[in-house]
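Asker: Sequence:
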Amino acid sequence: MIVLCFLLKFYVNYQPRWEGNPKGLSGPLKGGVIIDYLQARFNFTYEMVRVTENRMEPLGKERGLFSYLFDNQSDLIVSAIVLTHRRNKIIDQTTPWECPKLGLLIPIQDDTANTNAVWVGLVLSAFCVIAVLSLMHRYLEYRSLRLSNQPIDVQRRHVYKSRAGSEYLYVFGNLLSQGGPCSSNLLPFRLVAGVWTLAAFIFVQAYTSTLFTYVVAPVNPPLINSIYDIAESPDINLLNNNWTGFYEKIRDRIKSYPQSRCTLVSECIDLVKPGLRNVFIDAEAYQKDAIKENFEKTGQCNLQMARDSYMTVYAVMALQKNSPYTNSINKGIMELGQSGLLDYWEILFRPMPRQCQGKIQRGYKSPENNQHPPLSLKNLTGAFIILSIGFSLSILAFLVEQIISMSKRHRRQLRPISNDNEKEHVEIANKESSNNIEQETLVFIN
162 MIVLCFLLKF YVNYQPRWEG NPKGLSGPLK GGVIIDYLQA RFNFTYEMVR VTENRMEPLG
222 KERGLFSYLF DNQSDLIVSA IVLTHRRNKI IDQTTPWECP KLGLLIPIQD DTANTNAVWV
282 GLVLSAFCVI AVLSLMHRYL EYRSLRLSNQ PIDVQRRHVY KSRAGSEYLY VFGNLLSQGG
342 PCSSNLLPFR LVAGVWTLAA FIFVQAYTST LFTYVVAPVN PPLINSIYDI AESPDINLLN
402 NNWTGFYEKI RDRIKSYPQS RCTLVSECID LVKPGLRNVF IDAEAYQKDA IKENFEKTGQ
462 CNLQMARDSY MTVYAVMALQ KNSPYTNSIN KGIMELGQSG LLDYWEILFR PMPRQCQGKI
522 QRGYKSPENN QHPPLSLKNL TGAFIILSIG FSLSILAFLV EQIISMSKRH RRQLRPISND
582 NEKEHVEIAN KESSNNIEQE TLVFIN
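For the sequence shown, position 65 matches number 226 in the working numbering, and the numbering has no gaps at all.
What the hints contain is simulated information worked out from the structure, not anything from laboratory work.
Among the clues, some could well be false.
Unchecked claim - Okay, derived cross-link-like pairs now, DSBU-like style, lysine-lysine, Cα gap no bigger than 35 angstroms in a straight line:
#: 1; residue 1: K262; residue 2: K434
#: 2; residue 1: K250; residue 2: K262
#: 3; residue 1: K434; residue 2: K492
#: 4; residue 1: K482; residue 2: K262
#: 5; residue 1: K250; residue 2: K492
#: 6; residue 1: K458; residue 2: K482
#: 7; residue 1: K569; residue 2: K262
#: 8; residue 1: K262; residue 2: K492
The whole structure should be built from the sequences, with the hints applied where relevant.
Answerer: Structure (structure tokens):
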């Protein structure tokens with residue numbers, strides 16, 4: 162019976178990357194099931210050692226995870242340890258159990274065609290035009306009536322009737338391409354109305370062209386496509402997990418941003434937000450975890466991976482130098498790799514949400530994928546919404562006009578009846594008065 166103590170994951174994160182770890186201990190997703198398989202395969206027992214260190218090699222008086230191997234406090238470190246020749250001199254490195262590529266995590270640029278500031282400005286301008294037209298119409302009518310020398314009561318009544326809201330129908334009708342009546346033929350009023358008609362026409366055409374441009378091609382391209390874009394763009398900040406830079410330009414870019422080196426992975430991920438030009442480099446598997454966790458937290462896909470990855474690294478486990486368990490661990494890892502279980506566990510433990518599957522880019526694209534997807538009615542939802550609003554307002558205005566006209570016709574039909582009744586009452590009264598006069602004359606003669 163072999164007692165195997167192992168450490169899980171040298172990245173201390175707020176959220177454990179393997180939910181099978183005990184509370185308070187974080188580790189890789191596949192590390193736990195690999196140990197469970199090795200336990201069943203070679204019939205040994207193990208226990209976990211709780212750690213607080215966040216680096217591999219000890220630095221001065223600070224301990225590292227390798228210190229547990231040097232002090233015989235642990236036999237195996239289960240983690241994605243980067244394979245290097247220098248480390249092979251002080252520890253035993255196993256067969257690579259994972260060969261991830263370094264991916265670049267970037268925020269998704271806001272490429273929506275809908276801007277709240279544009280709609281607020283449009284609504285405010287519409288109400289301002291309505292107010293100007295109403296006041297101008299009232300003033301021009303009042304001035305023309307003053308010159309006509311009509312009574313004051315007639316002037317006030319006429320000006321009040323001229324404020325009947327035709328300006329509202331005109332402004333919103335032109336905005337929705339439905340048209341509208343111009344309630345005045347005076348030159349100042351028609352000039353303001355013409356300016357609004359021209360502005361509404363330009364806005365509708367600009368909105369339509371912007372909509373089709375947004376549907377056919379992305380408005381905002383990704384922040385970067387490869388590692389070379391970081392070197393050539395001085396306004397992009399590169400974040401990494403406290404390890405040395407590569408290439409002279411990349412090293413200078415890291416030094417130019419004070420928050421480039423993060424102690425915790427979660428700190429780097431929190432700095433990758435829409436609107437910021439920050440890029441975080443890490444293994445693609447962990448970048449997928451970050452995309453998934455962000456989606457589960459916010460309900461939106463705010464993160465994506467750049468099109469091109471940087472380089473392939475080899476992840477191994479670490480044992481004490483000349484450990485008697487090295488050959489057994491290597492044999493078990495090779496069996497897992499040949500059986501395909503490692504790849505299967507990768508898919509099993511990292512299921513990506515469907516909404517975010519398109520955010521994981523790949524460097525190679527087939528010619529079929531280079532073609533633009535066909536347009537559908539779903540892509541033109543905004544245009545149909547605007548059109549439906551215009552039709553709804555037109556139908557509502559038509560119904561209101563019909564109701565008003567029906568009430569007027571009903572009143573006109575009632576007026577002749579009342580006049581006929583009045584005439585009949587007058588004729589009856591005249592007949593009665595004439596009969597009384599005749600009776601009085603007859604009595605007088607007798």
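Asker: Among all the numbered hints in the text so far, which are the ones the structure does not match?
Answerer: Hints 3, 6 and 7 not satisfied by this model.
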